[in-house]
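Listed below, chain by chain, are the residues.
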Amino acid sequence: GVVGGACSDVTQNVYEVEKLEKRAKLMELLKEDANGTIVFVETKRGADFLASILSETEFPTTTIHGDRLQRQRETALADFKAGRMKVLIATSIAARGLDIKNIRHVVNYDMPSSVDEYVHRIGRTGRVGNNGIASSFFDPHHDSAIAGDLVKILEGAGQEVPQFLRKYSYG
Amino acid sequence: MTISYSDFLDVREEYPEIDYEIRGILLARAQNGATINEICDDYQKLTGLRFPVKENITDFLLSIAHVMVFCNENGTRIFNIMPTDTTRHLLDLVLNQKISERT
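Chains as they are written, first to last, in our numbering: chain W, 21 to 191; chain B, -18 to 84.
In isolation and in its complexed conformation, chain W is listed as follows (with noise of 0.2 Å):
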């Protein structure tokens, strides 16, 4: 593949998706099958938000962020990994450097605001063989400044290209 680029075995799917509801769409996906998803979110206090909700709806959910210590983060991948939590939410920053990898399903909620970012976060699903899926919610008042960038990763990895996403990237 193209160096620096996101590997083609990995489906994304950027969906158009505003701001309110960004929650609502996350639930239909989780609904299909929710093992293994990491959900990328832009702030600490909207990670433990998101994980409380979810945790007491539908799906148990832990999550990572900047303020937690070394033991905590750990203990939150291991029930992430061990299934006893299916989902985990994590700011950017906590994610780096985490050895997380094979994740069946990783969900850009916020979109990171660059290319480079969104290449490493999706490089984190359909390692050695398996089949990932990369789902983005991509939202026009948000994110239209890295919608050029994202046509040219999706074309790159051989992926479909959604119309809306071309119509932002043209400015």
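It is possible that some hints are incorrect.
[Unchecked claim] Computed, partial: chain B to chain W, Cβ under 10 Å:
1) -5
2) 1
3) 4
4) 6
5) 30
6) 34
7) 38
8) 77
9) 78
If you're looking for bench data, these hints aren't it; they were derived computationally from the structure.
Cβ atoms here follow ideal geometry from the backbone N, Cα and C, with glycine treated the same way.
Based on these hints, arrange chain B on the given structure of chain W.
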């Protein structure tokens, strides 16, 4: 004073997830507890919606299961959340994480 769940049925009809959302907001701030202003700000930031209750906010919050409140030395009401079976693991993480400054 008796507060009943049914006092705020109209709010709950329009915002069916608000109890979960308030508990989530309180859980995320469980280390210090949260003032009404913080709860309203977080609600707007996290849901994108204006906090729907304008009056008797304390009554409303106390009609939500597992929500508690105390009055601090300045007379400010500080809200917090009790653990439940489904959220205890998260509350343990928040309560024992790095000490955060009051914001």
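Okay, the hints, checked on the actual structure:
The beta carbon of residue -5 of chain B is not positioned within 10 Å of any beta carbon in chain W (closest approach about 14 Å), and the interface hint is therefore violated. A least Cβ separation of about 5 Å between residue 1 of chain B and chain W falls short of the 10 Å threshold, and the interface hint therefore holds. Among the interface hints, the one on residue 4 of chain B holds; its C-beta lies about 6 Å from the nearest C-beta in chain W, closer than the 10 Å criterion. For the restraint placing residue 6 of chain B at the interface with chain W, the shortest Cβ-Cβ distance is roughly 6 Å, inside the 10 Å limit, so the hint holds.
The restraint placing residue 30 of chain B at the interface with chain W holds, with a minimum CB-CB distance near 7 Å, inside the 10 Å limit. Nearest Cβ of chain W to the Cβ of residue 34 of chain B: about 18 Å, over the 10 Å cut. The hint is violated. With a least beta-carbon distance of about 19 Å to chain W, the hint placing residue 38 of chain B at the interface is violated under the 10 Å criterion. Here the hint on residue 77 of chain B is kept, as its CB sits about 7 Å from the closest CB of chain W, short of 10 Å.
A distance limit of 10 Å between C-beta atoms decides the matter here; for residue 78 of chain B the minimum to chain W is near 4 Å, and the interface restraint holds.
The structure is inconsistent with the numbered hints 1, 6 and 7, although it conforms to all the rest.
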